[in-house]
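Enquirer: Take these sequences, add in the hints, and give me the full structure.
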Amino acid sequence: MLRSINNRISQVHLTSNVKQTIVAMLGVTFGISMYVFMTGFMTGVNNAQTDLAFSSLAHIRIYNDGPADNTNIAKKIYPNDIINLRNAKIIKYTEGIKNAASITSVLHNQPDITDITTQVNINVFFKNAGNKVNGVICGVDVFNENKVFNISHYMVQGNWNELKYRADGIFVGIALAKNLSLKVNDNLNVLTSDGVTRNYKVIGIFQTNVTGVDKTKAYITENAARQLLAVNQDYVTDIMINVKDYNKTQSTVDKVTKLTPYKVESWQMANQQLVAGSNLRDIIAVAVSLTILLVAGFGIYNIMNMTINQKIKEIAILKAMGFSGKDVTQIFLTEAIIIGLIGGVVGMGFGLFISKMVNRVPFNVSGLHTLPMAYLPKDYVLAFLFGLVTTFIAGYLPARKASKIDPVTIIRG
Amino acid sequence: MEKNIVLKAESITKYFYEPEKFQVLKGLSFEVRKSEFLALIGKSGSGKSTLLYVLSTMDTDYEGRLTINNRVVTGGTQNELAAFRNEHIGFVFQFHYLLPEFSALENVMLPAMKLKKRSKAEIEEKAYQHLSLLGLQDQALKRVNKLSGGQQQRVAIARALINDPTIIMGDEPTGNLDTRNTQIVFDIFKELSKERNQTIIAVTHDDDFASQCDRIIELSDGSII
Numbered sequence: 001m002l003r004s005i006n007n008r009i010s011q012v013h014l015t016s017n018v019k020q021t022i023v024a025m026l027g028v029t030f031g032i033s034m035y036v037f038m039t040g041f042m043t044g045v046n047n048a049q050t051d052l053a054f055s056s057l058a059h060i061r062i063y064n065d066g067p068a069d070n071t072n073i074a075k076k077i078y079p080n081d082i083i084n085l086r087n088a089k090i091i092k093y094t095e096g097i098k099n100a101a102s103i104t105s106v107l108h109n110q111p112d113i114t115d116i117t118t119q120v121n122i123n124v125f126f127k128n129a130g131n132k133v134n135g136v137i138c139g140v141d142v143f144n145e146n147k148v149f150n151i152s153h154y155m156v157q158g159n160w161n162e163l164k165y166r167a168d169g170i171f172v173g174i175a176l177a178k179n180l181s182l183k184v185n186d187n188l189n190v191l192t193s194d195g196v197t198r199n200y201k202v203i204g205i206f207q208t209n210v211t212g213v214d215k216t217k218a219y220i221t222e223n224a225a226r227q228l229l230a231v232n233q234d235y236v237t238d239i240m241i242n243v244k245d246y247n248k249t250q251s252t253v254d255k256v257t258k259l260t261p262y263k264v265e266s267w268q269m270a271n272q273q274l275v276a277g278s279n280l281r282d283i284i285a286v287a288v289s290l291t292i293l294l295v296a297g298f299g300i301y302n303i304m305n306m307t308i309n310q311k312i313k314e315i316a317i318l319k320a321m322g323f324s325g326k327d328v329t330q331i332f333l334t335e336a337i338i339i340g341l342i343g344g345v346v347g348m349g350f351g352l353f354i355s356k357m358v359n360r361v362p363f364n365v366s367g368l369h370t371l372p373m374a375y376l377p378k379d380y381v382l383a384f385l386f387g388l389v390t391t392f393i394a395g396y397l398p399a400r401k402a403s404k405i406d407p408v409t410i411i412r413g
Numbered sequence: 001m002e003k004n005i006v007l008k009a010e011s012i013t014k015y016f017y018e019p020e021k022f023q024v025l026k027g028l029s030f031e032v033r034k035s036e037f038l039a040l041i042g043k044s045g046s047g048k049s050t051l052l053y054v055l056s057t058m059d060t061d062y063e064g065r066l067t068i069n070n071r072v073v074t075g076g077t078q079n080e081l082a083a084f085r086n087e088h089i090g091f092v093f094q095f096h097y098l099l100p101e102f103s104a105l106e107n108v109m110l111p112a113m114k115l116k117k118r119s120k121a122e123i124e125e126k127a128y129q130h131l132s133l134l135g136l137q138d139q140a141l142k143r144v145n146k147l148s149g150g151q152q153q154r155v156a157i158a159r160a161l162i163n164d165p166t167i168i169m170g171d172e173p174t175g176n177l178d179t180r181n182t183q184i185v186f187d188i189f190k191e192l193s194k195e196r197n198q199t200i201i202a203v204t205h206d207d208d209f210a211s212q213c214d215r216i217i218e219l220s221d222g223s224i225i
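Line by line, the protein sequences are chains A and B.
If you number the first sequence the way my numbering does, the last residue is 413 and the count never jumps.
If you number the second sequence the way my numbering does, the last residue is 225 and the count never jumps.
No lab work stands behind these hints: they were computed from the structure.
Each hint should be verified, as a subset may be incorrect.
Taking lysine-lysine pairs in the BS3-like style, the calculated list, with each CA pair at most 30 Å apart, reads [claimed, not checked]:
1) Lys-190/B with Lys-117/B
2) Lys-378/A with Lys-401/A
3) Lys-21/B with Lys-404/A
4) Lys-120/B with Lys-313/A
5) Lys-89/A with Lys-21/B
6) Lys-326/A with Lys-117/B
7) Lys-120/B with Lys-326/A
8) Lys-21/B with Lys-401/A
9) Lys-326/A with Lys-190/B
10) Lys-401/A with Lys-194/B
11) Lys-326/A with Lys-116/B
12) Lys-43/B with Lys-190/B
13) Lys-120/B with Lys-244/A
14) Lys-404/A with Lys-117/B
15) Lys-146/B with Lys-19/A
16) Lys-142/B with Lys-313/A
17) Lys-404/A with Lys-34/B
18) Lys-142/B with Lys-19/A
19) Lys-404/A with Lys-26/B
20) Lys-313/A with Lys-190/B
21) Lys-404/A with Lys-116/B
22) Lys-404/A with Lys-120/B
23) Lys-313/A with Lys-43/B
24) Lys-258/A with Lys-75/A
25) Lys-401/A with Lys-8/B
26) Lys-313/A with Lys-21/B
27) Lys-34/B with Lys-8/B
Expert: Dropping the structure here:
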């Protein structure tokens, strides 16, 4: 019953000045809805960026890193002697990955790896009569390539799976097609660095929205690429791996490094600017939202302080009648927490509403149609908890002050 | 302590430190019997109100020893004293100090809800009885800020009575009332002390009021005369 009388007093305080209560709640609502919206927006932007990046980027890439630095090879054997070596030349080194099948079979046994595909990448000149553009031909495993990069999603013309049956077929990037004045069913001549030329038929055009890729890349089958290089069936230049959680590549990289003599590189290592950009956005989102929550917290603090100053005589009389400091703290803290709870729930709803609205704003840049938005329950729960903690602190300080009021000084005036 | 002594003050001494050190109460000792109606009088600044707040246990900054209901209250913690006041002491102030957002009934019920010795239904029943006793049964469900000054003061008295306290203390309980209401309040106090054996200690400026009491303690410069 002690509970109920204190709660009854809190309830009467909250309901007798509804305007003030609503203003305090709006503070929390605004803080939490902004928090929800900001984090949702930033996560949405990060996700859009990631999707964009992973259209041409695997989570982990295995490749032959080329020969070691041999600019002064004699120094390795005679470290203390002075040796002058001029025009050092690499006579022969192994290019690419020769035993791809044995490596991929080992990789298939790793539980955290979801998809694997192999590629044969060749630097070439694309020629359409007099028009020459340099770029990269990517010989792919048609089925697995799509699983890792979801490339069929980016096809503007043609059907990705058709490549399987067309040893002479080639898919080109949209910008490359434009530069070479190519349409579907046109012929495209390719020249390798070894001087081999070959004609392919354009059977499709893709658009990844990464300009560098769309301008220089073309896909053919893996076997066609091997034929172009005159290498055996087990030759690949890259093994691309996707893992379950692209944020946790390091443990897989460590494991796979032990299994192969080749270079194993995560997307984070290869694209630190992406990681930095995404982390910075996260920090900005959190900083902005926390600032808003803090301001809301000050609002509640002010209103609670004001309420307590208004009710200082009532508090004194409650204490004279035998209510303890603890009761007084409880009364005012309950008020703050109820403001926090209701403000928080409304804030989550309002935040969802703002997010939905912003998510509809048209934004036609690089494959996006509207502003990106993420709706993670985690963000909503976190916002709610932050809001509650803020109101708790903002309510506790004035409540504690109220509990310390000396009834004699107030009543005697 | 004798059985019918409800309050015993032993050399109560108190200083004010602002603006400079000043002795307000100079070693006061006295006893108050059960069902006594006691008036504390004296000129402004004589220390009568200060003494009342010391007796009320709200002011703990004094020297000496105070025993109420055979219990030494000197040196108790704030929370202990709050619980003690709740059960044993009722207050009526010059200004009613009701909670303006509550009904008269709820104001009266508050101390009993805090004491929680009875169920809510019993408390409500009792609060109604007290309000009827004071002629306020029709005003029970009104918000107190809709009542007149005399009615508010009577609500405050009902509130002071709800826990059947041993002692009712009043700080100029009639100071803000007209003659008619003063008489009503006085009669209520008189009845409480005679018929319910409750002790009443009231600070007053009103000589008429004081002269009708059982006993008068007059203070001058912090001493009893």
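Enquirer: Could you tell me which of the numbered hints above are not met by this structure, giving the numbers in increasing order?
Expert: 2, 5, 9, 10, 13, 17, 25
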